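Peer 1: If you read the sequences in order, they're chains A and B.
Residues in the first sequence are numbered consecutively from 1, following UniProt numbering.
Residues in the second sequence are numbered consecutively from 1, following UniProt numbering.
No wet-lab data here; the hints were simulated from the structure.
Just so you know, these numbers come straight off a predicted model, no measurement behind them.
Computed from the model, here is a short list of chain B residues facing chain A with C-beta under 10 Å:
1. Arg-8
2. Val-35
3. Glu-40
4. Ile-41
5. Lys-44
6. His-62
7. Gly-65
8. Gly-66
To list a few chain B residues with every Cβ distance to chain A over 10 Å, as calculated:
9. Ala-14
10. Ala-20
11. Gln-21
12. Ser-25
13. Ala-46
14. Ala-48
15. Asp-54
All C-beta atoms, glycine included, are put in the ideal place defined by N, C-alpha and C.
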Amino acid sequence: MQDRYRKQELFIGKEGQSRMEKSKIVLIGMGALGSASAEMLVRAGIGELVLIDRDYVELHNLQRQQLYTEEDAAAYLPKASAAAKRLKAINQHVKLQSVIENVDHHNIEQLMEGADVILDATDNFETRLLVNDAALKHGIPYLYGACVGSYGVTCPILANGDAPCLHCLLEQLPQQSETCDTAGIIGPIVQWVAAVQVTQALRLLSGQKLKAELCAFDIWTGDYSRVDVRGLRDASCPSCGMDAVLPFLNGAEQTRLDVLCGREAVHIRPGAKKSLNLPALAEEWAFAVDHVTANEHLLAFRYREHRIVLFTDGRAIIHGIDDIVRARSLYDSLVG
Amino acid sequence: MSIKLNGREHELSADIQNVAQLLGSLSLENRIVIVELNKEIISKSAYADQPVRDGDKVELVHFVGGG
Ligand SMILES: [Zn+2]
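Model the full structure from these sequences, guided by the hints.
Peer 2: The following block contains the structure:
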């Protein structure tokens, strides 16, 4: 036994520890949740970790994204590389793979190849439903986790033909949702969500079963809730039902992005049309955006130095940018 | 009347009589929510018809997307 894991091994057992050291976890997203989970997993001695993120480190990440430093932000380091640098210093024995890419239906299956567990640390529902489809197809457990404000929620998606999948639970892609950019977030709830997800991963890797249970906690008010969701498996679910078509994995539901030539702008079209309540969004975003102009068709505003025009059907034009990955990241941080 | 919401006593004003109104009073009407009423999950289409009564035990989880 390596001495560094002695206390953990006392708890999860020799077998559990040895499985841990042979296991591979894929982390989708290296923001706040990804940073917290990665650090715990690397300290716990996971065999291999795949770190996937499309973004680079910015100063406003440092409040809660524990792996990154002011130096990383000044150097515009991609999160996946900055994370690997820090994680390597914590535990040189873990095999790390950094992927600086946007996860989409073309690359997801290859990125999760050989994974024992997929850990959700992304910031939008479309990517979650894509990962859900891919995890179901390959029978890999997928641990949903998310947080906004002081509230966090988790649920293991077990891909065992019995428990519901994320698509069963959501029924549809949410039209709009609060995001950390629009509703804010405090660091402690990140730690709670990541702690629950990593515990679920430890249980799975030690050969324990997980219950299909939705679990939510508001760390500010202390409200805790838990719902047994076994009964929510939907036989007609497009992702896990009898005639499953995996709509997110086959690309049908995927958001399209095009650079508008000569205009330094990106046009974003959601795969399924939305019907956004723009006045309500303008109110919710009051602290995140400025220079707001609205009419019955669209909302125009400035957000992080970009002029953005958002239409009721969910389409958006982001000005002052020609990098589609960056544009997508901006869009998701607003619309969710 | 009062219900037990997520394990805690929660006072409801008299005009809240069904699940849809309860969600509205918590500003959750536009969110995707799982509602468990006395250990039974209520389907989304039944929120407006499902009465909420004094002493009911309600567990609510709403989905968020941040990370
Ligand atoms: Zn399903």
